[in-house]
Amino acid sequence: MKREEAYRDAAARADARKAALLSSALAAKARVAPARLKQDAKDKATETLTGGAAHAAAQVRQRPAASAAAAGALALYLLRRPLGALFRRIYVRISNRTEEISETDDG
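Per the UniProt record's numbering: the sequence shown ends with 107, consecutive numbering throughout.
Please keep in mind that the hints were generated in silico from the structure rather than gathered at the bench.
Capping the alpha-carbon separation at 30 Å, the derived lysine-lysine pairs in DSS-like fashion look like this:
| hint | residue 1 | residue 2 |
| --- | --- | --- |
| 1 | 29 | 44 |
| 2 | 29 | 18 |
| 3 | 29 | 42 |
| 4 | 18 | 2 |
Please put together the full structure from these sequences, using the hints given.
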């Protein structure tokens, strides 16, 4: 009888472990599904953007002058070509004061 009971116990443990393994495999398969990964990526991106925006707003409230200076520097960086062309044109006009050469054809 003891061998039969040991066999039944071993078979029951094996069935329980097999069920646990299959359950784990199904859970892992569900976690790696493309739709789940896509949704996780969207959630993480949304969380990061909202957290970043809240952090930036807090920094602006703490240091408004530094934030304004940084925004101004960024604006100057983005507008460097049009501003450079404008200043170059003004410099040429100031340094070259010849009245006979007109910038336009009419005069």
